Amino acid sequence: MKDSNDFVAALREDAFRDDPYFRALVAEVPSTADGSGGEAQLIGYAMYYFCYSPFVRRAVYLQSFYVKPPYRGRGIGSSLMKEVAKIGVENSCNKMKWTCQGWDDVAIKFYKKCGGKDITEELDCHLFNMDREELIDFAKS
1 MKDSNDFVAA
11 LREDAFRDDP
21 YFRALVAEVP
31 STADGSGGEA
41 QLIGYAMYYF
51 CYSPFVRRAV
61 YLQSFYVKPP
71 YRGRGIGSSL
81 MKEVAKIGVE
91 NSCNKMKWTC
101 QGWDDVAIKF
111 YKKCGGKDIT
121 EELDCHLFNM
131 DREELIDFAK
141 S
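Note that UniProt numbering numbers the sequence shown so that position 124 is 124, with each residue one more than the last.
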């Protein structure tokens, strides 16, 4: 993305279409201490989408999850995770999946506190991807 305006435009395009690529929950606080006015401030979000596996069937995938540091430890992250889990249950999902950077000890501890299981070693699997250019090259081959 060239700049943040392009990034925001792409998010809007992908989220607000007839068949959105993802869904999102947001956490906001009033812009003023007394809540009397102004635009609310975004302090956290959870982006998710539904996926499918023949072994698990329906699943919800938590793609991106963030709470601004000054607001951590207040239950905001737990509330966002719990809402995604509830949405999964309401949509007959059998699993919620997500990934986390191996160096992010704070996130790993948080996910385990929420009841998440680190299945990295158990599955002994590798995560692969192709960037856009590689995807195009492979599709043409």
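Hint data in this document are derived by calculation from the structure and do not stem from the laboratory.
This structure is a prediction, so every number in the text was calculated from the model and none was measured.
Keep in mind that the hints are not guaranteed to be accurate.
[Claimed, not checked] Straight-line C-alpha distance at most 20 Å; calculated EDC-like pairs for lysine to aspartate or glutamate: (1) 68 / 90; (2) 97 / 137; (3) 97 / 118; (4) 97 / 133; (5) 82 / 134; (6) 82 / 39; (7) 68 / 83; (8) 68 / 28; (9) 95 / 131; (10) 112 / 131; (11) 113 / 133; (12) 95 / 133.
[Stated by the list, open to error] What follows is a set of in silico ranges between Cβ atoms, one per label pair, in the way DEER data are often shown: (13) 105 / 54: 17 to 23 Å; (14) 95 / 132: 36 to 42 Å; (15) 53 / 30: 20 to 26 Å; (16) 75 / 101: 31 to 37 Å; (17) 124 / 9: 21 to 27 Å; (18) 4 / 31: 15 to 21 Å.
All C-beta atoms, glycine included, are put in the ideal place defined by N, C-alpha and C.
Okay, the hints, checked on the actual structure:
1. 68 / 90: With Cα atoms ~28 Å apart, residue 68 and residue 90 exceed 20 Å; violated.
2. 97 / 137: Violated, because 29 Å separates the two Cα atoms, which is more than 20 Å.
3. 97 / 118: 10 Å, holds
4. 97 / 133: With a Cα-Cα distance of about 27 Å, the restraint between residue 97 and residue 133 is violated, given a limit of 20 Å.
5. 82 / 134: The given pair, whose Cα atoms are some 36 Å apart, is violated under the 20 Å limit.
6. 82 / 39: Since the Cα atoms of residue 82 and residue 39 sit roughly 26 Å apart, the hinted pair is violated (cutoff 20 Å).
7. 68 / 83: 18 Å, holds
8. 68 / 28: Holds, because 11 Å separates the two Cα atoms, which is no more than 20 Å.
9. 95 / 131: Violated - the C-alpha atoms of residue 131 and residue 95 are around 27 Å apart, more than 20 Å.
10. 112 / 131: Violated: residue 112 and residue 131 sit about 30 Å apart, past 20 Å.
11. 113 / 133: Between residue 113 and residue 133 the Cα gap is close to 38 Å, so the pair fails against 20 Å, i.e. violated.
12. 95 / 133: 32 Å, violated
13. 105 / 54: 17 to 23 Å: 34 Å, violated
14. 95 / 132: 36 to 42 Å: 28 Å, violated
15. 53 / 30: 20 to 26 Å: 41 Å, violated
16. 75 / 101: 31 to 37 Å: 23 Å, violated
17. 124 / 9: 21 to 27 Å: At roughly 40 Å between Cβ atoms, residue 9 and residue 124 fall outside 21 to 27 Å, so the hint is violated.
18. 4 / 31: 15 to 21 Å: 19 Å, holds
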